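Chains as they are written, first to last, in the UniProt record's numbering: chain A, 1 to 406; chain B, 1 to 406.
Hints are computed from structural coordinates only; laboratory data are not their basis. Predicted, not measured: the structure shown is a model, and the values here were computed from it. All the pointers check out, no bait thrown in.
Restraint ranges, calculated between C-beta atoms of paired labels, are given here:
#1 A:Asp83 x B:Trp274: 37 to 43 Å
#2 B:Lys310 x A:Asp124: 32 to 38 Å
#3 B:Asp161 x A:Ala336: 20 to 26 Å
#4 A:Lys310 x B:Arg103: 21 to 27 Å
#5 B:Lys108 x A:Ser138: 49 to 55 Å
#6 B:Asn136 x A:Ala284: 54 to 60 Å
#7 B:Trp128 x A:Leu121: 57 to 63 Å
#8 A:Arg251 x B:Ser141: 41 to 47 Å
#9 A:Lys310 x B:Pro120: 36 to 42 Å
#10 B:Pro120 x A:Asp161: 34 to 40 Å
#11 B:Lys310 x A:Pro120: 35 to 41 Å
So these bits of chain A aren't anywhere near chain B, every CB distance computed over 12 Å:
#12 Asp78
#13 Glu273
#14 Asp370
Where a beta carbon is used, it is the ideal one built from N, C-alpha and C, also for glycine.
Protein chains: 2
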Amino acid sequence: MAASASSLLAAPASSSCGAISPQLPRGAPAAASVASPSRHSCYLLRASPSRRHRSRFVANAAPTMQPPAESRVSTVVDVDLGDRSYPIYIGAGLLDEPDLLQRHVHGKRVLVVTNTTVAPLYLDKVTWALTHNNLNVSVESVILPDGEKYKNMDTLMKVFDKAVESRFDRRCTFVALGGGVIGDMCGFAAAAFLRGVNFIQIPTTLMAQVDSSVGGKTGINHPLGKNLIGAFYQPQCVLIDTNTLNTLPDRELASGIAEVVKYGLIRDAPFFEWQEKNMPKLLAREPNALAYAIKRSCENKAEVVAQDEKESGLRATLNLGHTFGHAIETGTGYGAWLHGEAVAAGTVMATDMSHRLGWIDDSIRKRVVDILKQAKLPIAPPETMTVEKFKNIMASCKPKGRGRRN
Amino acid sequence: MAASASSLLAAPASSSCGAISPQLPRGAPAAASVASPSRHSCYLLRASPSRRHRSRFVANAAPTMQPPAESRVSTVVDVDLGDRSYPIYIGAGLLDEPDLLQRHVHGKRVLVVTNTTVAPLYLDKVTWALTHNNLNVSVESVILPDGEKYKNMDTLMKVFDKAVESRFDRRCTFVALGGGVIGDMCGFAAAAFLRGVNFIQIPTTLMAQVDSSVGGKTGINHPLGKNLIGAFYQPQCVLIDTNTLNTLPDRELASGIAEVVKYGLIRDAPFFEWQEKNMPKLLAREPNALAYAIKRSCENKAEVVAQDEKESGLRATLNLGHTFGHAIETGTGYGAWLHGEAVAAGTVMATDMSHRLGWIDDSIRKRVVDILKQAKLPIAPPETMTVEKFKNIMASCKPKGRGRRN
Numbered sequence: 001m002a003a004s005a006s007s008l009l010a011a012p013a014s015s016s017c018g019a020i021s022p023q024l025p026r027g028a029p030a031a032a033s034v035a036s037p038s039r040h041s042c043y044l045l046r047a048s049p050s051r052r053h054r055s056r057f058v059a060n061a062a063p064t065m066q067p068p069a070e071s072r073v074s075t076v077v078d079v080d081l082g083d084r085s086y087p088i089y090i091g092a093g094l095l096d097e098p099d100l101l102q103r104h105v106h107g108k109r110v111l112v113v114t115n116t117t118v119a120p121l122y123l124d125k126v127t128w129a130l131t132h133n134n135l136n137v138s139v140e141s142v143i144l145p146d147g148e149k150y151k152n153m154d155t156l157m158k159v160f161d162k163a164v165e166s167r168f169d170r171r172c173t174f175v176a177l178g179g180g181v182i183g184d185m186c187g188f189a190a191a192a193f194l195r196g197v198n199f200i201q202i203p204t205t206l207m208a209q210v211d212s213s214v215g216g217k218t219g220i221n222h223p224l225g226k227n228l229i230g231a232f233y234q235p236q237c238v239l240i241d242t243n244t245l246n247t248l249p250d251r252e253l254a255s256g257i258a259e260v261v262k263y264g265l266i267r268d269a270p271f272f273e274w275q276e277k278n279m280p281k282l283l284a285r286e287p288n289a290l291a292y293a294i295k296r297s298c299e300n301k302a303e304v305v306a307q308d309e310k311e312s313g314l315r316a317t318l319n320l321g322h323t324f325g326h327a328i329e330t331g332t333g334y335g336a337w338l339h340g341e342a343v344a345a346g347t348v349m350a351t352d353m354s355h356r357l358g359w360i361d362d363s364i365r366k367r368v369v370d371i372l373k374q375a376k377l378p379i380a381p382p383e384t385m386t387v388e389k390f391k392n393i394m395a396s397c398k399p400k401g402r403g404r405r406n
Numbered sequence: 001m002a003a004s005a006s007s008l009l010a011a012p013a014s015s016s017c018g019a020i021s022p023q024l025p026r027g028a029p030a031a032a033s034v035a036s037p038s039r040h041s042c043y044l045l046r047a048s049p050s051r052r053h054r055s056r057f058v059a060n061a062a063p064t065m066q067p068p069a070e071s072r073v074s075t076v077v078d079v080d081l082g083d084r085s086y087p088i089y090i091g092a093g094l095l096d097e098p099d100l101l102q103r104h105v106h107g108k109r110v111l112v113v114t115n116t117t118v119a120p121l122y123l124d125k126v127t128w129a130l131t132h133n134n135l136n137v138s139v140e141s142v143i144l145p146d147g148e149k150y151k152n153m154d155t156l157m158k159v160f161d162k163a164v165e166s167r168f169d170r171r172c173t174f175v176a177l178g179g180g181v182i183g184d185m186c187g188f189a190a191a192a193f194l195r196g197v198n199f200i201q202i203p204t205t206l207m208a209q210v211d212s213s214v215g216g217k218t219g220i221n222h223p224l225g226k227n228l229i230g231a232f233y234q235p236q237c238v239l240i241d242t243n244t245l246n247t248l249p250d251r252e253l254a255s256g257i258a259e260v261v262k263y264g265l266i267r268d269a270p271f272f273e274w275q276e277k278n279m280p281k282l283l284a285r286e287p288n289a290l291a292y293a294i295k296r297s298c299e300n301k302a303e304v305v306a307q308d309e310k311e312s313g314l315r316a317t318l319n320l321g322h323t324f325g326h327a328i329e330t331g332t333g334y335g336a337w338l339h340g341e342a343v344a345a346g347t348v349m350a351t352d353m354s355h356r357l358g359w360i361d362d363s364i365r366k367r368v369v370d371i372l373k374q375a376k377l378p379i380a381p382p383e384t385m386t387v388e389k390f391k392n393i394m395a396s397c398k399p400k401g402r403g404r405r406n
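For reference, chain A alone in the conformation it holds in the complex (with noise of 0.2 Å):
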């Protein structure tokens, strides 16, 4: 079943960030009223219920796409973008099907992208996936060092090396297998290789399933702000193999739900509501919880991002905590914080700002706390973050409205 996109709770906040505070509606959720990026630089929540929002219904959740008849695809989910469309295939145990990977592989060679923890664990199968029954394919791989630290121009150009000494050529497919550094990597490698070649996402981490791999943002961090070097660029696929996440850290796990609970604060207060009464099921990693929770999350995301590729207006919902967050994670130093962590503390910043500011009541603000508390991610920014450090980095870094190009 797809999310129902008719319940938000969440808006761009039509002020400048600076003020917290929260609430959240009792009964049928509020719907969004989103203004003009240009003149918001900070994302929180307002409950406006006199106005329900019906998204258009583009995220398509299909039980299969022509996959084979032993197929163990749970979910399709199609991101609608014309000719850049493609689909997100979510299950346990898709990397041990070939056929699904390799359908979407342009040319002989294929060049993996990974980093030194995720290569032991899963490159031989995922190399053995694009190659078994195939001789057609070659593949290289290029693994680079774990973390947000490393996601810059120097790290980068280990991609590029590798691709240009190994002679690939525009007929070629990189392949992300990781978590959103490699797959923003990756991704904005494949984006600029000899102008742009293809591209698959395997999303390894639960923050990648479900938030980075999916929408076409890649990118790199400079030393002054986060991913504020990238392009737009749309995968031929995402292939979730939900199996991926029985070796992830416990800290990763929750700093994937910190998104999972955005879609559910900012669109889709029935998934909000799940959330509530199965954290403690997604923590313990049951499988099905899993399951739901990356295909609802996919969903949300693909229907905002159907609708408003490069961020001209909805997508910026997306980023609710996001903009304290990331100011959370460059103050810090990039890896000190996990992204999620980093959003988690932005959440309860932005529920408090949106309290503040009268938009939302305070039941919301708590709810949000303990959500985020169940999950157990930070609910505050370290010490270190004092108000001036964030408005100096906020200042510096916060990409606002866009021109032309949307």
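Guided by the hints, dock chain B onto chain A, whose structure is given.
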């Protein structure tokens, strides 16, 4: 008057590179047969008198495009790319018309990217043109070292550094003020900064005016090959003030002429014949001759690009002489030979190969050599470029066929 585009003298070869030879058809010009680039890596001359190819007319040379009444714009060539269409303004003294430039600026902040050679000549003038009677716009600039050898990631980062440190947001405009290297780097920086900001080209060399500023190819070099990292990214407009050629060194002027000759060879025989008669005027910088050569070159390029923006076929004809030329540039070290010098020698090699393959007769080869000699351009590669060296470089750095994204 727009280029005829009905007369094509060149086409991709149906073999890989290696041999050489030429000949130009007498009387009626021959048509091109454009084969799939996936099988071909080298673009040679071929006379195909049995077929005439008439292109759809997309390059539109209107006398003006809503310029002010006193405008000095002599020609506007429109590049027709749907919602990415843009005008190329060509005329003497266009930088003295603030309105022309200002109408294409988005947002209130402009970053002019230029180099140490061009900045002392034109940065003040461009800053004036951007800000005259326009208090809303503020201008920053970044002055890069001059030369092809600096077209790399380290130099590109200086553009990002400046934009980030100056706290630019998405509503800004990057302006490329300089030759092809500046245009390529500034364009790629505009494509990647915050995943895409607005961008204007002000080319100040003949090479940039007739070739590199038109068509949206942006990027940087990798130590192992030219232009291996980049983006297809179209500007808001190209503003060609032909007065800027008054400060161009002779060698740079000749370099640009190599690309002018190319358009004649690949698709515009009357233009080639005009060049044969008017080369002395071009070398003497006779303003009307230069303006005509620029206009006709832009028309030819605009037509090709509008039909094949991302080089899935036809656009590859623009690479005549470039496979050998890029190898010369890579093999001799970026900057030792100017791009047009390498292309000139590469064009003779490609022509020679075409002749050896029996596709064109010797008279064409002679006319190609003669016109390049007239322009004081090299007609052979340096002795250090052995056959072995050519083969090694061409095997490693030549992008071949493209995939879905065309």
